Amino acid sequence: DTGVSQDPRHKITKRGQNVTFRCDPISEHNRLYWYRQTLGQGPEFLTYFQNEAQLEKSRLLSDRFSAERPKGSFSTLEIQRTEQGDSAMYLCASSVGSGTGYNEQFFGPGTRLTVL
Amino acid sequence: DQQVKQNSPSLSVQEGRISILNCDYTNSMFDYFLWYKKYPAEGPTFLISISSIKDKNEDGRFTVFLNKSAKHLSLHIVPSQPGDSAVYFCAASHFNTGNQFYFGTGTSLTVIP
Chain Z
1 DTGVSQDPRH KITKRGQNVT FRCDPISEHN RLYWYRQTLG QGPEFLTYFQ NEAQLEKSRL
61 LSDRFSAERP KGSFSTLEIQ RTEQGDSAMY LCASSVGSGT GYNEQFFGPG TRLTVL
Chain W
1 DQQVKQNSPS LSVQEGRISI LNCDYTNSMF DYFLWYKKYP AEGPTFLISI SSIKDKNEDG
61 RFTVFLNKSA KHLSLHIVPS QPGDSAVYFC AASHFNTGNQ FYFGTGTSLT VIP
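So the protein sequences, as listed, match chains Z and W. Under our numbering, think of the first position of the first sequence as 1, with each following residue one higher. Under our numbering, think of the first position of the second sequence as 1, with each following residue one higher.
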């Protein structure tokens, strides 16, 4: 299977703990995105990488959130001092692109985070 | 602020009939629109897209229509099949947002056999 993969698929944690999620994009895709989806809502953009450079960050991405893509391949999203409001599905997507062209984003299955 | 809106949370259609899913947007700068389909426990899957230079794009049973003056797009599925039952999200983007997609809240389609 050469789609976008995410690990873990589910994470339950206690308030105040740190969590880290991993995303492996489709291998030839140079762009990688993180979204958050809560119940009854569509995905909300968090951040975007082109290769290893983080080029955009949403105001939703508070200072407790940090994302990296150190070698331009896989990416990690860390949430420090989790709060109950962080409970959501965290989606990763990847695409091919350069310049200002648009390309569809291919999504992974998501990591469902529950903060108790 | 919700820049992309799907005002119908759910839709039921008989198998073989047409399904029409609607989406409205408020930002006139949007110039690229997509539809995604999502099954439970899976990530969204790309379905079809349209750029603002077109008013229609067709791919098999799926057709997307864009009405820029009304800031409205719709997805037509003909004929509808039970396997089409899923949540459908529309999304939009424009040059100044780079690669950020703005998603609607989704419409849950049920195709009744």
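Just so you know, these hints were derived from the structure itself, not from any lab. As the structure is a prediction and not an experimental result, all values here were calculated from the model. Please note that the accuracy of each hint is not assured.
Here are some of the chain Z residues that sit facing chain W, going by a computed Cβ distance under 10 Å [stated by the list, open to error]:
no., residue
1, Gly40
2, Ser62
3, Phe65
4, Phe74
5, Met89
6, Leu91
7, Ala93
The beta carbon of each residue, even a glycine, is placed where N, CA and C say it ideally should be.
**Message:** Next item in the hint list is Met89 (chain Z). Is there a CB on chain W closer than 10 Å to its CB?
**Reply:** holds, 9 Å
**Message:** Does the closest beta carbon of chain W sit nearer than 10 Å to the beta carbon of Phe74 (chain Z)?
**Reply:** violated, 16 Å
**Asked** At a threshold of 10 Å, is the proposed contact between Ser62 (chain Z) and chain W supported by beta-carbon distances?
**Response** violated, 17 Å
**Item:** Given hint Phe65 (chain Z) near chain W, where the shortest CB pair must fall under 10 Å
**Value:** Violated, because the Cβ-Cβ distance from Phe65 (chain Z) to chain W comes to roughly 16 Å (cut-off 10 Å).
**Message:** Tell me if the interface restraint on Gly40 (chain Z) is satisfied: Cβ within less than 10 Å of some Cβ in chain W.
**Reply:** Since the shortest Cβ distance to chain W is 6 Å, the answer is holds.
**Request:** Go through the hint on Leu91 (chain Z) and say holds or violated, using the shortest Cβ distance to chain W against 10 Å.
**Result:** holds, 6 Å
**Asked** Against chain W, with CB atoms and a cut of 10 Å, does the hint on Ala93 (chain Z) hold up?
**Response** For Ala93 (chain Z), the interface hint holds, since the closest Cβ of chain W sits about 8 Å away, which is under 10 Å.
In the structure shown, a violation is registered for the earlier hints numbered 2, 3, 4, in ascending order.
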